[in-house]
Amino acid sequence: MSLLIKDESPEKLIGEDGKRLDGRDLNELRSIKMEVGVIPNADGSAYIEWGGNKIYAAVYGPREVHPRHDARPDRGILRTFYRMTTYSVSERKRPAPGRREKEISLVIKNAIEPVLFLELYPDSAVEVYIEVISADGGTRCACTTVAILALVDAGIPMRGLITAVAAGKVDGKLIIDCSGDEDKSGEADLPCAITWYNNQISLLQFDGIMDLEEFDRSLDLIMEALEKIHKLQEEALKKRYIDVRNNLKNYKPEVVPTSNIEEKIDLNNQKNQNGGDQTE
Amino acid sequence: MTNNTKNGEYASIGQRLGVVEEYLPDKNSTYADKGVIYATRSGAIHIDSHKKKISVKEPDESKRQKMKIGDIVIGIINFVRKYSVGVKIYIINNNVKFFSGNLGNVHVSQISRNYVEKIEDAFQKTDILRAKVSKLNYNEVDLVTDQPNLGVISADCSRCGGPLYLIKRDLLKCEICENIEKRKLANDYGSVKTRLII
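In order, the protein sequences belong to chains L and Y.
Per the numbering used here, the first sequence runs over residues 1 to 280.
Per the numbering used here, the second sequence runs over residues 1001 to 1198.
Hints listed in this document are in silico derivations from the structure and should not be mistaken for laboratory results.
Predicted model, so just to flag it, every value in this text is computed and none were measured.
Cβ atoms here follow ideal geometry from the backbone N, Cα and C, with glycine treated the same way.
Computed cross-link-like contacts, DSS-like style, restricted to lysine-lysine with a CA-CA straight-line distance of at most 30 angstroms:
no., chain 1, residue 1, chain 2, residue 2
1, Y, Lys-1052, L, Lys-249
2, Y, Lys-1057, L, Lys-33
3, Y, Lys-1053, L, Lys-249
4, Y, Lys-1097, L, Lys-239
5, L, Lys-238, Y, Lys-1097
6, Y, Lys-1125, Y, Lys-1182
7, L, Lys-249, Y, Lys-1057
8, Y, Lys-1057, L, Lys-238
9, L, Lys-231, Y, Lys-1027
What follows is a set of in silico ranges between Cβ atoms, one per label pair, in the way DEER data are often shown:
no., chain 1, residue 1, chain 2, residue 2, range
10, Y, Lys-1057, L, Glu-35, 16 to 24 angstroms
11, L, Ile-133, Y, Cys-1160, 50 to 58 angstroms
12, L, Phe-206, Y, Thr-1126, 55 to 63 angstroms
13, Y, Asn-1139, L, Gln-200, 29 to 37 angstroms
14, Y, Leu-1024, L, Gln-200, 24 to 32 angstroms
All chains should be modelled from the sequences, with the hints used to inform the complete structure.
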């Protein structure tokens, strides 16, 4: 038993100077870095580093649905697979998908589905694979934020972006963007996602104790933080667009265009046809 | 209201592009809500001033798995009906797209320029076929093979499964059982030289 690392959380989460354990203010976000188009074999992909979280998302499709009875003749279906790697947390996590992973997959799917134009792809499926390489609190918000970037990169038409962040309550004070320790020993946790095309909430979960006035104030904190993250998302997408366009300028196609192939084949064919006619 | 949309400029997702009185919205890259057009993809704005049509183009659109009219496709014949054959498409313009789920259909009148009496004289099940897209339907495409470079590019004997070699135009002979079969062949049957992108 001595080999096990005990992850004890400290008694006080907010210091005497009013700052949090990692030196942040109460309404300050962790550092966020996003990148789009990181996996070349996927149709679309994205990567996010949000404090201690490191998450990859890859999108495949629209493609064939298996099993076939899951397909819908009037619209495409969205499938989301959230998975934590075995080394992503301090104690080894069992690799099989558990109750928590299935729930988060469903929550992310329900948050994303209303913005997509899936009716353009009947009889097909869009699959989103989200791999958490390193987890440090607030992964469901980070996953929603990165999954929508991968879907944009895959060229799935949508009404607008989605951004998610969590608010919380620690030592009687409201905070934004809970880290792992604050999640575990805090008093309340409130993850929330917004669809930007109509400013509506598409994901809202609540855990803990909070009164109504605190709930309203934490929603204001969330809206303030979401606008900052939304700007980062748009910057990452624009950077990807400029990169691809610059690559295309330098790109010289190796493959013979199909029109040339047709011409070559036509020449052969005339010989063949003439030969055939003579024998007949 | 100021209108900032210009040809070739970057459009982010959900950006306002104009109103329906100005342009016709493109179905795949824009949508109209209460008379206002918004972008549904990120990319460059493309305005067709002749047709008054607005769309958003991604820089790497060729990567996508959708077909358009005039594409050359390669597929395997899945089933033979009375007047048409069903084709499962695996290669679009030399790009290999497994699991794309695209289906095609060749009608008996679109097989050849010559008269084809029975569909069994042109195609059999499990033949590999090169064809051209002629029409886009709801979830299927119509294909034609009435050009010399289009048709069967690989086939097996329907009696014993052995390989078939060319003896005459549109006539094949089995190497093992010497069975003679009729097909609508592409002119490079037996010597296909296509470089595929995987």
